[in-house]
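Student: According to the numbering used here, the sequence shown is numbered sequentially starting from 5.
Warning: the hint list may mix true and false statements.
The following label-pair restraints were derived from C-beta to C-beta distances [said to hold, decoys possible]:
id : residue 1 : residue 2 : range
1  : ILE158    : THR125    : 14 to 24 Å
2  : THR197    : ARG173    : 26 to 36 Å
3  : ASN83     : GLN201    : 19 to 29 Å
4  : ARG173    : ARG209    : 22 to 32 Å
5  : GLY174    : GLN46     : 28 to 38 Å
6  : SER205    : THR161    : 28 to 38 Å
Keep in mind the hints are simulated off the structure, nothing from the lab. Cβ coordinates follow ideal geometry from the N, Cα and C atoms, glycine included.
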Amino acid sequence: MRIPGPAIPTAIGLLLAIGAVEPSLAQFGVPLTPQQVACEAQQLRRLQSRTASRQFESTIFLWRAAATGGLYRGAVLSNGIGREQASQKYKRFERQMAFDLAFRTGEDFLDPDRTLLPQATLVRREAATNFDDRSGSAALDLTVDLAPRVPNPISPTNPLRLDVKTDGRGQDDGASRAIALADLTSTCHAEVTAFDQQVFSILARTLRGTYCLSGPACRSASSDRALGAA
Numbered sequence: 005m006r007i008p009g010p011a012i013p014t015a016i017g018l019l020l021a022i023g024a025v026e027p028s029l030a031q032f033g034v035p036l037t038p039q040q041v042a043c044e045a046q047q048l049r050r051l052q053s054r055t056a057s058r059q060f061e062s063t064i065f066l067w068r069a070a071a072t073g074g075l076y077r078g079a080v081l082s083n084g085i086g087r088e089q090a091s092q093k094y095k096r097f098e099r100q101m102a103f104d105l106a107f108r109t110g111e112d113f114l115d116p117d118r119t120l121l122p123q124a125t126l127v128r129r130e131a132a133t134n135f136d137d138r139s140g141s142a143a144l145d146l147t148v149d150l151a152p153r154v155p156n157p158i159s160p161t162n163p164l165r166l167d168v169k170t171d172g173r174g175q176d177d178g179a180s181r182a183i184a185l186a187d188l189t190s191t192c193h194a195e196v197t198a199f200d201q202q203v204f205s206i207l208a209r210t211l212r213g214t215y216c217l218s219g220p221a222c223r224s225a226s227s228d229r230a231l232g233a234a
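Working from the sequences, and respecting the hints, build out all of it.
Tutor: The following block contains the structure:
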C-alpha cells in the first residue's frame, strides 16, 4: 500500500508469493506448500521492516530474485496527481527507482584473517529506473537498516542507502551479524522461475495502492480531480 508522508512503507511483495500456489501456474513450477508460503512471507516481512523511503506517498515492492537465498529485487515508487503551476490543470506523475539487494553469509574484502561477517550490497538498476531528474528534494531514496534492532526504519542506525540525487549513491555495501540473525540468506523453496520474475516486475509497475480510502478529505480530493478532468 502507499503510505502518506515520511512513514514506514509496506512491502507489497509479501503478497506476491501466494500467486505461486494457483493451479493455473503449476506448469511453470511446483506449487508451493502453505508452509513454504508462510516461510517466505515471514522472511519478506523481516526484510520489509528494515526498509524505508522518505519520499511522500511512496511504495516499496520486494520479491525474491533467484531460487537461491539472499537475492532480492525491488522498486521504490511515488505517484500522485497534482496541479501544474502554469495551466492549473491536474497532471499525473510517477517516479520509479529499481534496485537489487544481495545478502551473503560471510565475506571480508580487506583482511582474510578477520572473522567473516555477513555482507549486503544494494544496487540501483538504471535500466529499470525511469525517474532521472537528479536534482532537488523530489529525488527518490531507499534505506535498508542492517542494525540488530530496527525500531524505526525511517531513522536507521546502520543503513544501506540509494537515491537518484546528483551527488547521491547508486550502490552501497555493509556488513552486520543482524543479516544472519534475521535469517535473510536462507531459502524457503527453490521454485523461483523466469515467469515469476516477469510477473513480479509487471505487478511492481502496475499495482498501486492508496492511503485515501474514506473520509471527508478523500471525498474532497475525489471531487477536485473530477472537476480537474472536466
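Student: Work down the list of hints and note, for each, if the structure agrees.
Tutor: For each hint, the structure was consulted:
no.	hint	result
1	ILE158 - THR125: 14 to 24 Å	holds (22 Å)
2	THR197 - ARG173: 26 to 36 Å	holds (32 Å)
3	ASN83 - GLN201: 19 to 29 Å	holds (23 Å)
4	ARG173 - ARG209: 22 to 32 Å	holds (23 Å)
5	GLY174 - GLN46: 28 to 38 Å	holds (30 Å)
6	SER205 - THR161: 28 to 38 Å	holds (32 Å)
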